[in-house]
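Undergrad: Protein chains in written order, with this note's numbering: chain A, 118 to 538; chain B, 118 to 538; chain C, 118 to 538; chain D, 118 to 538.
There could be a bad hint or two in this list.
Because identical chains cannot be distinguished in the list, a pair is counted as satisfied if it fits within a single copy or across any two copies.
20 angstroms max Cα-Cα, derived EDC-like pairs, lysine to aspartate or glutamate [claimed, not checked]:
id, residue 1, residue 2
1, 493, 373
2, 493, 366
3, 493, 159
4, 493, 323
5, 493, 127
Just so you know, the hints here were simulated from the structure itself, not pulled from any lab data.
Number of protein chains: 4
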Amino acid sequence: MDPRDRGGRDALSAAFARTRARTEALAAPLSAEDQQLQAFADASPTKWHRAHTTWFWETFLLAPAGIAPEHPAWGVLFNSYYEAVGPRHLRPERGLLSRPSAAEIGAWRRLVDERVLEHLARVDEAQWEAVRGVVELGIAHEQQHQELLLTDILAAFARNELRPVYTDPIGADAPHPTRSPAASGWIEHAGGIARIGADGAGFAFDNEGPRHEVLLHPFALATRPVTVGEWAAFAADGGYHTPALWLSEGLAWVREHGVEAPAYTRREGEAVVVYGLHGEREAHPDEPVCHLSFYEADALATWLGGRLPPEAEGEVVATEAGAHDGRGEGALHPVPLAGAGVVGLFGSVWQWTRSSYGPYPGFRAPPGAIGEYNGKFMCNQQVLRGSSVLTPPGHARATYRNFWPAPTRFQAAGLRLARDA
Amino acid sequence: MDPRDRGGRDALSAAFARTRARTEALAAPLSAEDQQLQAFADASPTKWHRAHTTWFWETFLLAPAGIAPEHPAWGVLFNSYYEAVGPRHLRPERGLLSRPSAAEIGAWRRLVDERVLEHLARVDEAQWEAVRGVVELGIAHEQQHQELLLTDILAAFARNELRPVYTDPIGADAPHPTRSPAASGWIEHAGGIARIGADGAGFAFDNEGPRHEVLLHPFALATRPVTVGEWAAFAADGGYHTPALWLSEGLAWVREHGVEAPAYTRREGEAVVVYGLHGEREAHPDEPVCHLSFYEADALATWLGGRLPPEAEGEVVATEAGAHDGRGEGALHPVPLAGAGVVGLFGSVWQWTRSSYGPYPGFRAPPGAIGEYNGKFMCNQQVLRGSSVLTPPGHARATYRNFWPAPTRFQAAGLRLARDA
Amino acid sequence: MDPRDRGGRDALSAAFARTRARTEALAAPLSAEDQQLQAFADASPTKWHRAHTTWFWETFLLAPAGIAPEHPAWGVLFNSYYEAVGPRHLRPERGLLSRPSAAEIGAWRRLVDERVLEHLARVDEAQWEAVRGVVELGIAHEQQHQELLLTDILAAFARNELRPVYTDPIGADAPHPTRSPAASGWIEHAGGIARIGADGAGFAFDNEGPRHEVLLHPFALATRPVTVGEWAAFAADGGYHTPALWLSEGLAWVREHGVEAPAYTRREGEAVVVYGLHGEREAHPDEPVCHLSFYEADALATWLGGRLPPEAEGEVVATEAGAHDGRGEGALHPVPLAGAGVVGLFGSVWQWTRSSYGPYPGFRAPPGAIGEYNGKFMCNQQVLRGSSVLTPPGHARATYRNFWPAPTRFQAAGLRLARDA
Amino acid sequence: MDPRDRGGRDALSAAFARTRARTEALAAPLSAEDQQLQAFADASPTKWHRAHTTWFWETFLLAPAGIAPEHPAWGVLFNSYYEAVGPRHLRPERGLLSRPSAAEIGAWRRLVDERVLEHLARVDEAQWEAVRGVVELGIAHEQQHQELLLTDILAAFARNELRPVYTDPIGADAPHPTRSPAASGWIEHAGGIARIGADGAGFAFDNEGPRHEVLLHPFALATRPVTVGEWAAFAADGGYHTPALWLSEGLAWVREHGVEAPAYTRREGEAVVVYGLHGEREAHPDEPVCHLSFYEADALATWLGGRLPPEAEGEVVATEAGAHDGRGEGALHPVPLAGAGVVGLFGSVWQWTRSSYGPYPGFRAPPGAIGEYNGKFMCNQQVLRGSSVLTPPGHARATYRNFWPAPTRFQAAGLRLARDA
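Chain A with its partners taken away, still in its complex shape (with noise of 0.2 angstroms):
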């Protein structure tokens, strides 16, 4: 679904409904006493993530119009990182905040809802390119919230003995034991001037733009992400332990918290088992390898003899490719990828790219709280290309760039191989 793709208003307030309604359907397995759950500093609670994207429809929508927040005390409790407006609950103690209980916040998601609905409804036309503006905005805003709540869920749960799941996989054979999984080869690319970035033709967040060229240098990318199998040979080999193959700072990384596998892995004697949305399982050796840092990314391809692409690369290829979402649907966790050509750009794994997150050439960021969107992130953060298959459909693009602190593991990130050519 792309909100630009429509006739107008209903097709937009469509989109809204749709959205709203699929936060609350990744929150409905979970407990109130679940959604209450916040792992560490940087994660947030079901329910914080239910409220924060109903006070960002207050906040940048209703209350320009004149519609005043229903809970104006709420308001310190959910404003997230928007300096510009207000003070702020502090971030790492968002777990304590038993009170508004998810019950108030599911009556307020509705009331919102309605007065949002009416709102655009309501609104005259001369309004209507800068309302559209926010919507189009909010839902991508709710969108990420949505694959934050199921990664935060998954670091959660993932510290209790208990093992809980979330829900079992749809269709319980999903990992398909008929396909054959997708051939490892190198698709060329000779370099060259390119174009990146959005162009405006449909929604973007600021940070992909402004559209702009750039030089390549021949290059080729691998035709899927790096497996488990390909994870597990490394391990083996002492990878971990083996400094020539890492980053300064990842060494120092691997080194102070014993790390040994990605986050919710650990090798059984030849198995890989993974730990994931729905309980713990053997993961496939052709299935993309998931929930690595950077400097574990890093350190992989140095390994398999490679390199991880600049941004550039991967969205040149995923331009050409004219690939789309291609998730498995029915499993929470990446499975093998089969199919010529380039598989898994999308709806697998995030995949870590060298590129460290900046401003494109004429960058800038919006003036106002929106402003704080993306460009204060701009430091000490690696770029991932793609979607996982966590990310809701239709929220990322060839132009996206997510981003995370090389550290990062919760995200279902895992890599793709590039070479020079």
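The hints should help you fit chains B, C and D onto chain A, whose structure is shown.
TA: Coordinates of chains B, C and D only, in the frame set by chain A:
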């Protein structure tokens, strides 16, 4: 209620049932989400208190009788500090246990209650003495967790800007305008050899014995605890910024944390505003000051020209005064104390002593897991005497030794002055 | 001095001897006690710099030629970050090495100098090319430590309330009252494809290559670095307390450390007072502001209405300007810059760029211990271009890539504005 | 040497001069660089000890007599913990004070020595008593720093992989092969009322008084300290991994730091190897075990079937035994103890007691800066009795109360068993 004061099994069974029911009554005003909260590493969620006390009965009463635990997998979650009984979920992560749910724990509690009562009805005479000892200990243990349940939920609620209310006071005008506060005076003691410690006539924790002689030097003890008004004068006089009043460690603690008042307390002009289980309120100048650290208690005593008493001084006075539980029912915070003689020894605020928590002469920790109960904490803790408005009725006694590290403020602790006579 | 610019061995030997002598000259004003100081974990004592550079010659030049180290037991102390060369003394504890003494290290240096010169005189033709590469690298390496020696002793002296003076400026009136400061202007660049990186014609570090094409977008670069006066106006305008100016990580850093000014700097009424290697002095409003973190440089550029340049913009201008070392000899701090055109590219303050430090297209780290040299730091560091008043003459060049983590302030770093054209 | 045991001024002046000279003699084997070392936040450089003790004389003896400090600017550097005497250089950064130099401090010491001696010669009768009190305190204070000077340089040298040697033992075969070690036995005590504390007949610190009655319960005290051989058996028996032996806080400390042996100590097969001021050596099984924390002492006592004594037990035995300094001259580490009766009360290892450090009945801290001396540390410290091989001769006595936090290991502390009789 003294569990030993009974004809026999029926009385003990009734005491067991009452204790268990009281825990549930204390949890009743709290939603499942509230019961999930853990404000800091040494606090525990309400739900965890309910589960851990149940684990205690299964482990130390039912298991030795051959009655297997209902949920063996939960053992790792709800063992607290018994090193001898296997691995444990990380203490600072108790708030991450959304499963089992509060409802599941409630069901487990009811099941275990039935099994215990059934077992108590059937145990044969030969085993009765041993069983009785475990039951008495289990009741006292659960009562301790009842108090912690209240102090822990207060600590958690205090982090929520919405200032949640646990319950309203029973009898809304509880802080009794008609009473005249107790006059501040001294009770003199000539010193000499006295006997302190538990005499074996009723239940007592191991750390209360053996009963033994101590030599007291002549002293006087204040007839009431130090009040909010006295504390406010200390604070207004710059007490928190006068190095000469403080222990060296206390001064460093004040500076590191920017302490200006006891926990949950702030001065607002002439008023002292306190947040508590009934929400925010203005404190009465005559009510005992509460939620102080040992450091603050010591500095305040020095500023007032007195000193903290060693624990033996407090015990001797409490024993001779025949003082018993004098709490103001209805309010879950200290109230101004009326009456002649020594008041507020029990049921108002715990009273910090200058005694470091250590073993009495002849003390030996009992063997086995129960032996871990008290002896192993005899280092770097201060003894508190009396009991607080949050202590279960009947729990404390003149020989009772509470103990907490010096910086502790989440307990309902104040102080009573002493001086050399 | 460019070590390759020579007839042959004699010139290189002379360059070696000059470099080694310069290190000792820099240490000469410092007592044995001064040379012991380590102000923070990533700094090193003067003595350690003198020893580590000596260890480098023994390890990478003499040992491969079969000349055994003079003090094998010292290896563990003076290896720095070469994982491949064995265990290491803990970096944060270099200041705890009173033995060997500064005098012993001086004697060792003289001995190694002799051995190196003797070896250079005798090495046969077949090995010359390899030897030459190591010597050039060793000279450049020792020059880097010369600059660190100065920044590290400044950091240490700054912790002493006596405000020690390293040396007096040479030519006491160094801040040249007669010069008129450089006008602030812009040099425009039309963009297009440019070539950057080392071309192999002279010594360069591995991270400066391979030379490659980049695509530049039209831009303008300021003709001089940002000044103390401009910074003071930013600070007076509340720059440190205006969230919209800051990267998110920078804002957190400012708040955590209570930053109000660059390192060693404070405002005193209208004046800006700076502590440096010549002691405390009032800074001239026209001198480049120095000792800023990347965060401060970024916020200050934003406040001034510009942006930081990517490193390629700086290199292209530096190359085309033919700019060379323009330091004001005599003072060990930046001075107001005079002259037409682009000034202060070198010899004044390092200039933070918006480029994250990463590999150039086609970069491969060389194998072996020397391969650890630069590549492994390509994560979470920002590139700085130019050179500072503390950089050894002849050390830097237009292709030179310095890099430090964003919070770094002990380096003599400032900034130069850029803008889109 | 007891400073009061004298005819009058001359004896006290001589004692002053001897003490000051002894400090310099202890520093003499250390280079200026050695004297700069600070191994951890609570240690101090040799040079700082030399300067701080000199500051003490200037501040508390000369300044009140109108003799101005020679270097007023140094006050901020060399004040230690006297809050009442103004601001202070940060304690953990004493190792960053290269200026003033060791030589300058030596000159200052000589100057102050002269001024003090001159002042003592001239002070009139009316002031003599007050002056005498300050001089006695100053001597005792400087002696404390003499011991710290040794323990602090040991801690610093231990971080250097070269294993520096402070001095060789005097009389190299000092550990007396011909002596037979003291038999291990018990001295029984019937208990009852005893008097402890300083009686005012000679110099004592404020914390040693007032002399007062205590009630002792019958006990027995071991005739010698616990030995290296006993400790080795404890360690070989898995003592460090047996939770039941440990205080709760001690167990956490062992686990956090991976403790397997006292400081500077390791087992190597059957041998116990100890690093000390004479370098590395194999310990004799009969020598007292040293450099234990209170936690280790407590666990070891439990494993041996005894307990640590409260401080009164130790004092009474020491007084009745008439025990005086029995150190083995020559070696700066404990040696096997010979002789009948109670041995090693003094001059071997400090002996941890189970007493928390607190005020005696009737104790009042003296007013003024000197009042900060001991009283403000009466929290979360354990008392040690006796003295060690590093304690200046004549410094300790039966009433002496040393105190350190429970985890402290850099002091020469061991233990002596007690048991109930």
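Undergrad: Please write out, lowest number first, the hints stated earlier that are contradicted by the structure.
TA: Those not satisfied come down to hint 5.
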